[in-house]
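> Protein chains in written order, with my numbering: chain Z, 30 to 607; chain X, 12 to 283; chain C, 25 to 259.
Any given hint could be a false lead.
Chain X stretches covered by chain Z per the calculated footprint, using a threshold of three residues with CB under 8 Å from any CB of chain Z [said to hold, decoys possible]:
| id | region |
| --- | --- |
| 1 | 60 to 70 |
| 2 | 77 to 91 |
| 3 | 125 to 136 |
| 4 | 139 to 152 |
Straight-line Cα separation of at most 20 Å, PhoX-like style, residue types lysine-lysine; simulated pairs [said to hold, decoys possible]:
| id | chain 1 | residue 1 | chain 2 | residue 2 |
| --- | --- | --- | --- | --- |
| 5 | Z | 492 | X | 25 |
| 6 | X | 130 | X | 149 |
| 7 | X | 162 | X | 25 |
| 8 | C | 150 | C | 131 |
| 9 | C | 161 | C | 43 |
| 10 | Z | 235 | Z | 277 |
| 11 | Z | 118 | Z | 108 |
| 12 | Z | 492 | X | 124 |
| 13 | X | 272 | C | 239 |
Residues of chain Z placed beyond 10 Å of chain X at every Cβ, according to the derived structure [said to hold, decoys possible]:
| id | residue |
| --- | --- |
| 14 | 50 |
| 15 | 123 |
| 16 | 259 |
| 17 | 276 |
| 18 | 336 |
| 19 | 390 |
| 20 | 402 |
| 21 | 420 |
| 22 | 432 |
| 23 | 488 |
| 24 | 493 |
| 25 | 500 |
| 26 | 504 |
| 27 | 508 |
| 28 | 592 |
| 29 | 598 |
These are calculated hints, taken from the structure and not from any lab test.
Just so you know, these numbers come straight off a predicted model, no measurement behind them.
Backbone N, C-alpha and C define an ideal beta-carbon position, used for all residues, glycine too.
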Amino acid sequence: MTDVTTGGAGAFSHRLDFSTTEAKNRIRARYRSEGRFRSYGMIALGVTALFVVVLIGDIIVRGVPAFTEHVARIDVPLKAEAFVGSDGKVSELSIRGADYFPVTRDALTAIIPGLSRANERTLARLLSSGAADDLRSRLVADPTLIGKTVSAPLLLSDDADIYLKYASTAITERPARGAATPSDTSGEITILTSANDFADEVVAVKASLEQRASGLSREAERLRRIGGAQVTERLADLDKQVAELREKNNAPSSEITLDDKVASVLVSIAGGIVKLSKLSNSAVTGDVLIPLSSSAEAAPGSWKIVRYATPESNRKVTDVEVTLLERLRSLGKVENQFAWRFLTTGDSREPELAGIRGALVGTAFTLFVTLLLSLPIGVLAAVYLEEFAPKNWITEIIEVNINNLAAVPSIVFGLLGLAVFLNFFDLPRSAPLVGGLVLALLVLPTIIIASRAALKSVPPSIKEAALGVGASHQQAVFHHVVPPAMPGIMTGTIIGMAHALGETAPLLMIGMVAFIVDVPGTLTSAATVLPVQIYLWSDLPEAAFKAKTAGLIIVLLAFLFLMNGAAIWLRRRFERRW
Amino acid sequence: MDMSMQKTLPQSSKPVLDASAPPKIKARKVNVYYGEKRAIQDLDVDIPRNAVTAFIGPSGCGKSTFLRCINRMNDTISICRVTGDITIDDGNIYDRSLDVVQLRARVGMVFQKPNPFPKSIYENVAYGPRIHGLSRSKAELDEIVETSLEKAGLLKEVKDRLQESGTGLSGGQQQRLCIARAIAVGPEVILMDEPCSALDPIATAKVEELIDELRKNFTIVIVTHSMQQAARVSQKTAFFHLGTLVEFGDTPQIFTNPSDKRTQDYITGRFG
Amino acid sequence: MPDQHTVRSYEEELRLLDKKIAQMGGIAELQLGQAIDALEARDPALADQVISKDAQVDALQRDIEEQVITMIARRQPMADDLRHILGAIRIASDLERVGDLAKNIAKRTLAISSENLPKTLLYGLKHMAELAQRQLKDVLDAYADRNSDAARLVWTRDEQIDATYNSVFRELLTYMMEDPRNIGLCTHLLFGAKNLERIGDHTTNIAETVHYLVKGTTLAENRPKGDKTSSTLLP
């Protein structure tokens, strides 16, 4: 017998040797490059995580306030006269048609009595225009409440709500050192103090005036350097302003006039609030906002100097409104409750009343139509293309086109929908039916492609086995190829649905962009969808809509997570079966 | 040797091939083309009934191709074209009016890699009878499943777990499950394409024993790469080479004294 | 030249087997030739050589058997390889018997070495021995060449040895009847002749094996047998 080993060893002149320095260097270099690769991966993951955290965090921080609302929970006397109809009787119609503004206003003014007429109006306007809606429905349901006094939560206006949530101005209070003597309990009064309590305020006001002046003069300098004809006029104006400010500051009398461009100063004394208009070290003049209980001398420490740091011109709420709200808050009448109406009511021009129910229902209807159309058609088309279609040039073209369609910009589908469904078939515009049709077209290529991939991944040996047992091609495909492919098909469907959920452009084209207040009832009634609602709200000027838009985004993301969770659960369930 | 002597000789308990019975499958002038390439050339062969016929030959010689012609599995390959006659019990299986699906119920197939359906063991065996309407009630279907599993030598091992997945069995068990599945529809012919090549020796032995038992009631054609297996298991052996049937004869004779040099070279290991 | 086995070690094992058979055959041939020469020359030393050589033949036979069993287990031989390997074991067995018979002849030589051997008797035996030698050589050549026709020839030619044996048998009987003092010598010569006839039969066995090895079929049942001594009546 031949000795195989000697023959083999002789033929091999090179052997592996890991002990040479070059080998060691190569190994070290390899370890280094692997380490580098790993760290690149970590860095990438870290950056991604950072972005996700920042993004989600930002949205959550912005959006969470949308889910709460402030209400004034007060006792509302329901005098029968307010609810009597033209026929002299109390009926559902008369309850619905009653004017609730005086009812709520009276209830409020009962809490803070003694206000001036103008301030009373301001107080009443702190409520939302729909503040009485809940009350109205309560009375319709239970008319026996009329004549009694009920404790009702009255929704506050969006500006009031924003103030209470975000504290538009920092409020600082300082107990005064001296004794104060007001001249009266209401109207324009003067307060004398025994100590120089207002000295700090005077200094602060002067400082801010100087700050403004130097700011303006810096601007003037800049313009002077630029030169030119247009700037001369502006320059003259600026110079004048600067001169005025400096003059005020350096006025011999240390009396300062407060305007809306400096921080507001108020005095809280004897249960009342006085907004100051003139300041000097020991005497101030101001308007009484909330009446004092007495004009007796207030002992040191029993009255306070209040400062609203942000100047009135820089905020949405006036000093009066701030004062009234703070008073309501200190009386314990202000509650922060969960804003169910955000989820249960339709859209509205008033931010505090706006809800997303309409958009939710619209999205649900639209996705329902999309799913109903795209899933069966998509899956069956994939099955046909994969299993039954003859392999000729026609099917090649179809395949290429499907792949291309998956990449077509979504707005093109909107144009198609507009031209075909709305113009040619005359379907109602802005309806979930049309939206669903358009989105189904959008989503169909994704589902077909994913389903085909899933079908392709089923081992052909299974189909062969089925044929071998005497199943027809159709039986083999539907009994043995499609069921194992279901997880992949499900995944593709959910991806498509999630895609459709967030689509805005095509739905804008078919008109789902109108301001719709009612919650859609059928597939053919006008509707809007969540992403379009986001688009609409983000455009509105009211500050409260910013939080609402972010809140809506949170809802949309939650919807998405829910759908993905459903997808994963479904896929697991199908996979476990076999 | 006179007849009296023969009577006193010890006889084997296994059935002997009845040479006088008409062949089960007849092939005449069969040619198979894959596109332009001719894979099988002018094939004539008679496959006996109730016996095991082995097809041996090097890779690409056409044995698997011919096997797949017998149950028309080659129909699924679009570039494959078959000419000539293949008859089972004198019925031409390539006749236009013949329903391929019914043919495949009469001619079962077991594949090289065990491929049970990703369903329960019960479902695997019950699927065929169900779609062919072989049972009228659940009880009947249960019986068919039990009998098939028993004949495949698997019943004892899976009796208590019929609802478990077929893919959870070992390789050998899976292959026997596939055999049970094939015989559940009551075919006349069973085609086996290298059924033991993925199995260990113990599982292989069990399958070979099964084949030996099955040949009492079925006509079996087995394609195998192992000459020892062909020698052990078959009564007739056909040697294919480059698309032609080189030699066809009784297995003992093929393996002790083949007539064709090509056959001899192949089975003794002279591959050049 | 038949194609080589793809696995070369298999091919070499088969070659080795043939070499061993050839070696065994050579020794057997030598034994036969030397035995007859020793008988003719009544040379005890030569006879001793023949006897001692038999050990080699026996050893070779055991070796060949071992190799054959190992090859069956390892190589699962088929067709001509199977016939070749089984044939080798049969031929080795026959050659071993041939060696034994030659040794027996040499032993008889030793026994009658002191006696006088009439030339006529020797002539018959020598003729038989020559025939047997030729048969053995021819059949071993037929094996080496895988020539079934040559083997068939050897197979049919055994008749000649049988015929010669018949006449030697009768001659020795006559000689013994003539003079009872010759019985001792003649008995040994008779056994010697019988051994030669048996050697002839073994060569026909080898010839049958060679034929089967090459053709795969056995030679016909009835070989022409010429040995009538079993029914030879006393004259």
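> Evaluate each hint against the coordinates.
Checked hints:
| no. | hint | result |
| --- | --- | --- |
| 1 | 60 to 70 | violated (count 0) |
| 2 | 77 to 91 | holds (count 4) |
| 3 | 125 to 136 | holds (count 5) |
| 4 | 139 to 152 | holds (count 3) |
| 5 | 492/Z to 25/X | 36 Å, violated |
| 6 | 130/X to 149/X | 18 Å, holds |
| 7 | 162/X to 25/X | 17 Å, holds |
| 8 | 150/C to 131/C | 17 Å, holds |
| 9 | 161/C to 43/C | 15 Å, holds |
| 10 | 235/Z to 277/Z | 9 Å, holds |
| 11 | 118/Z to 108/Z | 14 Å, holds |
| 12 | 492/Z to 124/X | 13 Å, holds |
| 13 | 272/X to 239/C | 12 Å, holds |
| 14 | 50 | 48 Å, holds |
| 15 | 123 | 70 Å, holds |
| 16 | 259 | 81 Å, holds |
| 17 | 276 | 92 Å, holds |
| 18 | 336 | 76 Å, holds |
| 19 | 390 | 40 Å, holds |
| 20 | 402 | 30 Å, holds |
| 21 | 420 | 7 Å, violated |
| 22 | 432 | 23 Å, holds |
| 23 | 488 | 7 Å, violated |
| 24 | 493 | 7 Å, violated |
| 25 | 500 | 6 Å, violated |
| 26 | 504 | 6 Å, violated |
| 27 | 508 | 7 Å, violated |
| 28 | 592 | 27 Å, holds |
| 29 | 598 | 20 Å, holds |
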